[in-house]
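Please construct the entire structure, taking both the sequences and the accompanying hints into account.
There are 2 protein chains.
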Amino acid sequence: MPIKVISGTALHTPTRGRLEVLENVHILVDETGRISEILPSDHPRLAEVRAHAEAQGNLTELQQGQFLLPGFVDLHIHAPQWPQLGKALDASLEVWLQKYTFPLEARYSDLAFAREVYEGLVEALLANGTTTAVYFATIHLEASLALAEICLTKGQRALVGKVAMDDTGQCPDFYRDADASTAVNETRAFIQGVRELAGCEDPLVRPVITPRFIPSCTDSLLEGLGNLAEQMDCLVQTHCSESDWESRFVQERFGASDTAVLSRFGLLRQNTILAHSNFVSDEDLTAIQHKGAAIAHCPLSNFYFANAVFPLRAALDKNVHVGLGSDISAGHSPSILDGCRHALLASRARQSGIDPRLPPDERGISGSAVSIPEAFWLATAGGGEALGLPIGKFVLGYKFDALVLDLNTPGSNVGWFPNLDTLEDLFQKLVLNATRSNIVMVWVDGAIVARSPSIHL
Amino acid sequence: MPIKVISGTALHTPTRGRLEVLENVHILVDETGRISEILPSDHPRLAEVRAHAEAQGNLTELQQGQFLLPGFVDLHIHAPQWPQLGKALDASLEVWLQKYTFPLEARYSDLAFAREVYEGLVEALLANGTTTAVYFATIHLEASLALAEICLTKGQRALVGKVAMDDTGQCPDFYRDADASTAVNETRAFIQGVRELAGCEDPLVRPVITPRFIPSCTDSLLEGLGNLAEQMDCLVQTHCSESDWESRFVQERFGASDTAVLSRFGLLRQNTILAHSNFVSDEDLTAIQHKGAAIAHCPLSNFYFANAVFPLRAALDKNVHVGLGSDISAGHSPSILDGCRHALLASRARQSGIDPRLPPDERGISGSAVSIPEAFWLATAGGGEALGLPIGKFVLGYKFDALVLDLNTPGSNVGWFPNLDTLEDLFQKLVLNATRSNIVMVWVDGAIVARSPSIHL
Numbered sequence: 001m002p003i004k005v006i007s008g009t010a011l012h013t014p015t016r017g018r019l020e021v022l023e024n025v026h027i028l029v030d031e032t033g034r035i036s037e038i039l040p041s042d043h044p045r046l047a048e049v050r051a052h053a054e055a056q057g058n059l060t061e062l063q064q065g066q067f068l069l070p071g072f073v074d075l076h077i078h079a080p081q082w083p084q085l086g087k088a089l090d091a092s093l094e095v096w097l098q099k100y101t102f103p104l105e106a107r108y109s110d111l112a113f114a115r116e117v118y119e120g121l122v123e124a125l126l127a128n129g130t131t132t133a134v135y136f137a138t139i140h141l142e143a144s145l146a147l148a149e150i151c152l153t154k155g156q157r158a159l160v161g162k163v164a165m166d167d168t169g170q171c172p173d174f175y176r177d178a179d180a181s182t183a184v185n186e187t188r189a190f191i192q193g194v195r196e197l198a199g200c201e202d203p204l205v206r207p208v209i210t211p212r213f214i215p216s217c218t219d220s221l222l223e224g225l226g227n228l229a230e231q232m233d234c235l236v237q238t239h240c241s242e243s244d245w246e247s248r249f250v251q252e253r254f255g256a257s258d259t260a261v262l263s264r265f266g267l268l269r270q271n272t273i274l275a276h277s278n279f280v281s282d283e284d285l286t287a288i289q290h291k292g293a294a295i296a297h298c299p300l301s302n303f304y305f306a307n308a309v310f311p312l313r314a315a316l317d318k319n320v321h322v323g324l325g326s327d328i329s330a331g332h333s334p335s336i337l338d339g340c341r342h343a344l345l346a347s348r349a350r351q352s353g354i355d356p357r358l359p360p361d362e363r364g365i366s367g368s369a370v371s372i373p374e375a376f377w378l379a380t381a382g383g384g385e386a387l388g389l390p391i392g393k394f395v396l397g398y399k400f401d402a403l404v405l406d407l408n409t410p411g412s413n414v415g416w417f418p419n420l421d422t423l424e425d426l427f428q429k430l431v432l433n434a435t436r437s438n439i440v441m442v443w444v445d446g447a448i449v450a451r452s453p454s455i456h457l
Numbered sequence: 001m002p003i004k005v006i007s008g009t010a011l012h013t014p015t016r017g018r019l020e021v022l023e024n025v026h027i028l029v030d031e032t033g034r035i036s037e038i039l040p041s042d043h044p045r046l047a048e049v050r051a052h053a054e055a056q057g058n059l060t061e062l063q064q065g066q067f068l069l070p071g072f073v074d075l076h077i078h079a080p081q082w083p084q085l086g087k088a089l090d091a092s093l094e095v096w097l098q099k100y101t102f103p104l105e106a107r108y109s110d111l112a113f114a115r116e117v118y119e120g121l122v123e124a125l126l127a128n129g130t131t132t133a134v135y136f137a138t139i140h141l142e143a144s145l146a147l148a149e150i151c152l153t154k155g156q157r158a159l160v161g162k163v164a165m166d167d168t169g170q171c172p173d174f175y176r177d178a179d180a181s182t183a184v185n186e187t188r189a190f191i192q193g194v195r196e197l198a199g200c201e202d203p204l205v206r207p208v209i210t211p212r213f214i215p216s217c218t219d220s221l222l223e224g225l226g227n228l229a230e231q232m233d234c235l236v237q238t239h240c241s242e243s244d245w246e247s248r249f250v251q252e253r254f255g256a257s258d259t260a261v262l263s264r265f266g267l268l269r270q271n272t273i274l275a276h277s278n279f280v281s282d283e284d285l286t287a288i289q290h291k292g293a294a295i296a297h298c299p300l301s302n303f304y305f306a307n308a309v310f311p312l313r314a315a316l317d318k319n320v321h322v323g324l325g326s327d328i329s330a331g332h333s334p335s336i337l338d339g340c341r342h343a344l345l346a347s348r349a350r351q352s353g354i355d356p357r358l359p360p361d362e363r364g365i366s367g368s369a370v371s372i373p374e375a376f377w378l379a380t381a382g383g384g385e386a387l388g389l390p391i392g393k394f395v396l397g398y399k400f401d402a403l404v405l406d407l408n409t410p411g412s413n414v415g416w417f418p419n420l421d422t423l424e425d426l427f428q429k430l431v432l433n434a435t436r437s438n439i440v441m442v443w444v445d446g447a448i449v450a451r452s453p454s455i456h457l
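If you're matching them up, the sequences are chains A and B in order. So for the first sequence, full-length UniProt numbering puts the first residue at 1; every next one is plus one. So for the second sequence, full-length UniProt numbering puts the first residue at 1; every next one is plus one.
Hints are computed from structural coordinates only; laboratory data are not their basis. Quick caveat, the model's predicted, so the values are computed rather than measured. Treat the hints loosely; a few may be bogus.
As the list makes no split between identical chains, a pair holds if one copy fits it or if it spans any two.
[What the hints assert, rightly or not] List time: in silico SDA-like cross-link candidates among lysine to any residue, alpha-carbon distance up to 25 Å:
#1 Lys154 x Asp202
#2 Lys318 x Asn271
#3 Lys99 x Val21
#4 Lys99 x Pro418
#5 Lys99 x Gly367
#6 Lys99 x Asp421
#7 Lys99 x Ser109
#8 Lys99 x Leu420
#9 Lys99 x Pro215
#10 Lys318 x Leu358
#11 Lys318 x Thr15
The structure is reproduced here in structure tokens:
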């Protein structure tokens, strides 16, 4: 018998761009947090299943106006930047980094400060429906381990990386690893530490090898981290071809693209998460696809700092794994629903172009726009595929990472007109207008991890 | 003595791009809803003023974590489209209009339906902090009058227009004015009706002459409405140069731009509100500025339907009046805070361009990005200037249209770290991350028009 039964109408995008409505189903979750059965409302065993779950106190019944969605996957978060969410975005990238971001990240040598910030961050992300989070922490071993531990304690599925950055020309004196071997050794210790905390069999929290980006790392560090990834069979994340400056810097230093350089150092691996990748070439996309690596598309921060728009359609057409990243705090929103909206806007800006003085066919890039179900897929199942994890859709054997959106919360901007709207219409309204205030319950691995005080469930 | 005193810290942008923090002030409001005094915390008369207001039950004291902002001005809302907010935005403009929008607008011949929708709309906009709303209603006289009456009853400052559209080639048979003279006569009756409802001296709700856009109106209708504007000294609103199709259509029909045609028909007047205006030329901008007309910049819907980005910086550099419009429901968000964010994103898309394959200097339009205080100015004082109304800032003689943002509401995504953030930082965080759930009290003309049930005030 299942340990948990959730009844209601579920909306998800099991394949890219296709909405599936599971109307009035019962989802059964087993003791490993996986979906063991999905029963339609006329299933002969339904009464028995319900009676059993109810007797155990394990039946959750969604009410009128409540809908079940997969939890969101955020592929790119700078955890230490949480205190400056929404701050200094009028500044240039140089000022944003040197005056605000590096000094803030340097503060995480203070473990008490780190714990306080990270607890608030993980709680806020869960309340926003982010059930899986991929974090850059800082260079500090202890504070980075604390983030992993806090994710475990609060029940968030997470990939956490201690940041590695040792280049004396590119990193400030007050905030960098002492040298390449120290950075590699501490990364090794971090991986071991997280694996001890979380266990190795189906762990909720995993370590990620995290060179900040190529410019901030010496060749020795990149090489050492590549070897470490192979030795310890560990995931990798980094930034890739984000901006004009960054991609040119790498081209000048190595005579090759970010993607090619990462590949050369053994860092382009299965499920390596490449943040941004705005300036990747077709050849880079082919290499990323070939290795099974993935792109964290961060449309909001790209508007501020990328100098161009990511070729999302080109990546999808090549079957490259792509999901969404909030890029906190270069991205100012912690909500992956906002991420969907920004992915839609970025794709439409790319499609239309920007300059009304040009003829339409010279203005934009035709075919770039993505649909609302495609954007939602990026935020859920696409993110799951990027990580190689069984999450992001309601399918047998997948983890029950999910949330309830409630249309009737105070402060809701989602209008539902049942006489005028189909459930497909409602799905679009939810993706475009729901906010944190609509999210009333969140599960990871079948366990409740966030719950609004006002919930009627 | 004032009839109302509000104490707290106020944030506003009295001039474009300049944030002013009024720390710990008392704002005194007179019986006409105007700000009569702003007293600093060390003012000698403060104790007396406070004691008097307190005795009358007229003192509102903001608490820790609460901030006073000007109410928002939304220059472009299609009121009847409220039920389809967030719906059908994956459709083409043609499908969106013909399959969804026109059939929905046609339903407002049913006055009961209209009343129900409009009551929900006005309440929702007030709760989102929109203290001044500029509405397109429908072609229906009665339902449009009902919208004006509902705004009055609920206390929202509003400009309401009965839509005029008579061209048999462009408007569907089931939804258009019978002919030009009927449309002009009904517009006249509408203007008289609203003026009777609202009074003529400093009215809260005003009528607006509203040709839908040039393509949907015959020459006779445009001419009749231009004459009516002059005869009745009435404001005008319409769409202007929104998209490739629309601006080409007008160019082919008249051999002139939208702006020039509107001017020719006497519709480009002081405070005429021109929605969109993406394809205006420099000459058009000069004409708009010269006439004292204004542009309702609608960045969100432009991403979906405009084919290009409005030249905001060019308009501002020419001192053209510009404010923000939500463009409900081609824009899916009812929040003008969202409008600020979308104006920032559109301006940055215009600045950076979209195609990473182009060299940077051929990609975007340098100097296009607006700052966070500029975006907020558009949403408040800029909108007020567009309408020629004394609203949008905390200045003597201006109307007290204001709201309280509370950082401590459940579901808030605004993080305040008082040890790390100045009030200037906090302002940016509010503009970028506050939502309806942070808005706990709203005033128009000094009267409370929305109030969160959970408010601690």
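Right, here's what the structure says about each hint:
no., hint, verdict
1, Lys154 x Asp202, "within (17 Å within a copy, 56 Å between copies)"
2, Lys318 x Asn271, "within (16 Å within a copy, 51 Å between copies)"
3, Lys99 x Val21, "between (48 Å within a copy, 23 Å between copies)"
4, Lys99 x Pro418, "between (51 Å within a copy, 18 Å between copies)"
5, Lys99 x Gly367, "between (40 Å within a copy, 23 Å between copies)"
6, Lys99 x Asp421, "between (49 Å within a copy, 13 Å between copies)"
7, Lys99 x Ser109, "within (18 Å within a copy, 59 Å between copies)"
8, Lys99 x Leu420, "between (52 Å within a copy, 13 Å between copies)"
9, Lys99 x Pro215, "within (19 Å within a copy, 52 Å between copies)"
10, Lys318 x Leu358, "between (29 Å within a copy, 21 Å between copies)"
11, Lys318 x Thr15, "within (15 Å within a copy, 49 Å between copies)"
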